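Asks: Listed below are the residues making up each chain.
Number of protein chains: 2
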Amino acid sequence: MAKLSKLYILLDINYYPMMDDFVSSIVSGDRRSIAKAISMIENEDPIVDDILSKLYPITGNAFVVGITGPPGTGKSTLINSLIENYRKLDKKIGVLAIDPSSPITGGSLLGDRLRMSTHNLDPNVYIRSMSSGNRSGGLSQYTRRSLSILDASGLDLIIVETVGAGQSEVDILKITDAVVIVLMPELGDDIQIYKAGLMEIGDIFVVNKSDLEGSDQMYTKILSASKLKNDNWMPQVIKTESINGTGIDELIASINEREKFINNSSSRSSIKENKIQNEILAVIIDDLSKTFSDKIKNHSDFQSLVQQVLSKKMDPEQAASILKEKLEIE
Amino acid sequence: MAKLSKLYILLDINYYPMMDDFVSSIVSGDRRSIAKAISMIENEDPIVDDILSKLYPITGNAFVVGITGPPGTGKSTLINSLIENYRKLDKKIGVLAIDPSSPITGGSLLGDRLRMSTHNLDPNVYIRSMSSGNRSGGLSQYTRRSLSILDASGLDLIIVETVGAGQSEVDILKITDAVVIVLMPELGDDIQIYKAGLMEIGDIFVVNKSDLEGSDQMYTKILSASKLKNDNWMPQVIKTESINGTGIDELIASINEREKFINNSSSRSSIKENKIQNEILAVIIDDLSKTFSDKIKNHSDFQSLVQQVLSKKMDPEQAASILKEKLEIE
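Protein sequences appear in the order of chains A and B. Residue 327 in my numbering sits at position 327 of the first sequence, and the numbers go up by one each step. Residue 308 in my numbering sits at position 308 of the second sequence, and the numbers go up by one each step.
No lab work stands behind these hints, which were simulated from the structure alone. A hint or two may mislead.
Treat identical chains as interchangeable: a pair holds within one or across any two.
Taking lysine to any residue and the SDA-like style, the derived pairs with C-alpha atoms no more than 20 Å apart in a straight line are [what the hints assert, rightly or not]:
1) Lys275 - Gln308
2) Lys297 - Asp286
3) Lys272 - Ser311
4) Lys275 - Asp90
Computed from a prediction, not measured in an experiment: that's the story for all the values here.
Given the sequences, and given the hints that come with them, work out the whole structure.
Replies: Next comes the structure, spelled out in structure tokens:
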């Protein structure tokens with residue numbers, strides 16, 4: 001598809017009609033077209049820019065839930081339970097599993113695991129993993145673009161699953177509508193630090209595996225640390241046992257409440273504006289980082305400055321200042 | 001100190017002699033001066049630039065070990081065991097605990113926990129947590145600068161502890177000499193994804209809590225996934241039980257081997273060059289992100305572009321392109 005479209009550009013014949021077909025099939029929910037479009041995003045195919053521009057006006061109908069938490073808290077089982085319960089409500093569900101995988105393992109671990117579940121046979125459930133692989137592009141940009149594709153394809157709810165509390169995960173979660181943090185008792189002391197990194201962005205905290213000892217203390221701790229967020233939402237804490245479905249209905253009720261809050265809130269437009277501001281900033285900063293990394297590495301003075309730092313004639317920040325001046329960055 | 005130095009600049013009297021005193025006291029290992037300098041880094045006090053430039057020529061003697069892993073794997077107990085064993089070898093040790101904490105919790109959780117140990121009474125052990133707090137600066141830049149202070153203060157070994165596998169953690173680990181990834185059996189399936197994100201940067205993998213079931217399988221899995229790294233180092237896998245000290249000697253032997261490898265390797269200078277290149281790039285990209293975030297947010301067209309995206313007249317990437325053109329970013 002990508003190759004064909006490129007050819008059509010060169011020939012300047014029938015290009016738009018063909019792309020319109022592709023766009024229409026995405027909008028109709030055709031799984032192969034959705035998969036192709038997301039692969040084009042991962043491969044940084046320039047054609048996809050036009051597709052996204054065409055799709056953008058019809059996005060905004062899917063509610064996007066980010067789900068994150070450290071390894072071992074049972075996120076996948078929880079997501080499987082969520083899918084099951086949402087399907088009973090006849091909702092169309094998408095799952096985007098963010099996989100910060102290395103070229104060594106080849107990626108797609110999260111997605112594979114979910115795909116092995118029975119839900120993949122359900123035409124109203126679309127599961128896909130996103131990986132940055134060897135590409136220079138930011139995972140959050142790929143995610144945002146893929147969310148537009150899924151949103152335009154008519155899904156009611158899209159779950160974005162991430163592992164970890166790093167900056168790239170936080171950037172991804174910032175573009176979702178509801179952030180669910182999955183924790184569990186007995187994670188040891190440094191769950192405190194993990195949680196701290198996510199406390200500000202979490203809308204709903206789940207204490208999963210709540211049959212384990214210490215779940216009440218964890219519940220109380222999170223509840224007492226909760227504060228009204230910038231958007232005036234009060235974070236909620238839910239206890240679940242995803243293995244037997246306990247608490248899943250409460251979690252869905254909480255996600256619904258967050259959705260109502262966003263839709264009815266007087267601050268609705270400011271929440272949306274804030275999200276758009278973050279998106280525009282992310283696109284520009286991401287591009288800038290790529291452009292300038294290349295510029296710096298290829299600058300004729302770079303190697304000699306590295307040598308001067310190596311021989312301790314200057315420190316890395318002095319070298320950086322000199323390069324910034326040469327590149328005319330204020 | 002910061003305030004006084006600023007005053008001396010204004011008066012232009014005795015400024016350098018005074019700064020030289022401060023620099024000397026850091027070099028002599030004075031704990032209060034080290035603490036002050038690191039606080040100045042966290043507060044982005046411009047005076048610290050000169051201090052770092054003066055210290056840089058005498059850095060490079062400390063071996064820097066990055067230790068990371070998901071919550072609950074027992075990193076703190078492991079680090080306490082390492083400190084104990086290194087102290088028996090009469091090594092001076094520093095620990096920099098990287099804390100991606102939120103303004104809500106106030107941070108310093110990692111450091112506090114380590115500080116509560118008996119080691120804090122030992123004058124040859126310096127424990128400090130680094131937090132980005134509300135500041136815009138990158139944690140990796142603060143870390144790099146603080147490492148220079150600790151290195152110049154005469155420590156033999158500095159441990160940098162992080163939680164999580166996000167990009168900011170990876171950036172921090174890239175500026176260390178040896179990266180130790182702490183895992184444990186029974187972390188559930190998504191340890192695969194967590195590990196995948198770190199597989200390329202890990203020099204030593206620790207299977208901690210190796211008395212638990214599944215440790216042999218995990219050991220074998222990691223070993224079979226290990227590949228020669230770019231710098232020609234073959235990652236090692238060590239089984240430990242940090243709670244009773246089992247395997248700590250093997251871990252120290254492995255860290256020593258990595259140190260010898262870096263010092264004796266024919267690729268020594270290329271390893272160091274690579275590290276310096278990463279440092280210079282990180283400084284510039286970090287500055288760029290800050291500068292342009294502000295420029296974009298304050299640009300007179302920003303709000304109207306956000307409104308146009310909000311009303312779906314364009315998508316965020318079109319808005320980004322327009323802003324990039326206006327800001328004259330190629």
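Asks: Hints first: check each against the structure and report whether it holds.
Replies: Verification of the hints:
In this homomeric assembly, Lys275 and Gln308 come within 20 Å of each other (Cα to Cα) only across copies, at 13 Å, whereas the closest approach inside a single copy is 43 Å. Proximity of Lys297 to Asp286 under the C-alpha cut-off of 20 Å is found in both arrangements, the shortest distances being 17 Å within a copy and 16 Å between copies. Within a single copy, Lys272 and Ser311 get their C-alpha atoms only as close as 51 Å, which misses the 20 Å cut-off; across copies the closest is 11 Å, which meets it. Taking the shortest alpha-carbon separations for Lys275 and Asp90, neither the intra-copy value of 28 Å nor the inter-copy value of 53 Å comes in at or below 20 Å.
Checked against the numbered hints above, the structure breaks only hint 4 and satisfies the rest.
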